[in-house]
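Peer 1: Sequence:
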Amino acid sequence: MQSDFFQRAYKVVQQIPPGKVTSYGAIARYLGAVKSARMVGWAMNASHSQPDIIPAHRVVNRNGMLTGKNFFGGSTIMQELLENEGLIIEDDKILNFKENFWDPMDELLKL
DNA sequence: AACTTGACGGTCA
DNA sequence: ATGACCGCCAAGT
Numbered sequence: 001m002q003s004d005f006f007q008r009a010y011k012v013v014q015q016i017p018p019g020k021v022t023s024y025g026a027i028a029r030y031l032g033a034v035k036s037a038r039m040v041g042w043a044m045n046a047s048h049s050q051p052d053i054i055p056a057h058r059v060v061n062r063n064g065m066l067t068g069k070n071f072f073g074g075s076t077i078m079q080e081l082l083e084n085e086g087l088i089i090e091d092d093k094i095l096n097f098k099e100n101f102w103d104p105m106d107e108l109l110k111l
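Reminder that position 54 of the first sequence reads as 54 in the working numbering, one-by-one numbering, no gaps.
Ranges of calculated distance between the beta carbons of each label pair, as one might list FRET restraints: (1) LYS110 / THR76: 27 to 37 Å; (2) ASN63 / ASN84: 20 to 30 Å; (3) LEU109 / ILE77: 27 to 37 Å.
For the record, the hints were derived by calculation from the structure and aren't laboratory data. Note that the Cβ used here is the ideal one computed from N, Cα and C, for glycine as well.
Work out the full structure: start from the sequences and follow the hints.
Peer 2: Structure (structure tokens):
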């Protein structure tokens, strides 16, 4: 176990519905995190060794840019995964990002 | 123990 | 609108 922060971040990412995306900062804020959005990215980095499947491809930066695509082993893997879910990626950025944006807080309100 | 790097984000110039 | 800098916090070297 890395830290509660990591575990919570993973859970949030796993709860992201298909065809939706969120940002590192959104997760960090949801966790109430005093930590910075960078920590979320760090958690994703650790997700590689995590037994659980973390759809990190649904997590992008606040610009909707696939900043971590380079970490998916391939190069366009992340983009194809997102497109496979109905999202449209162009120039490594998500189109209609705002419309496809899913905030963990939204789920919290529903609960 | 100290310095550098990093899947970010916001503000300033 | 674009570019640069600072702040956050942990891990790697």
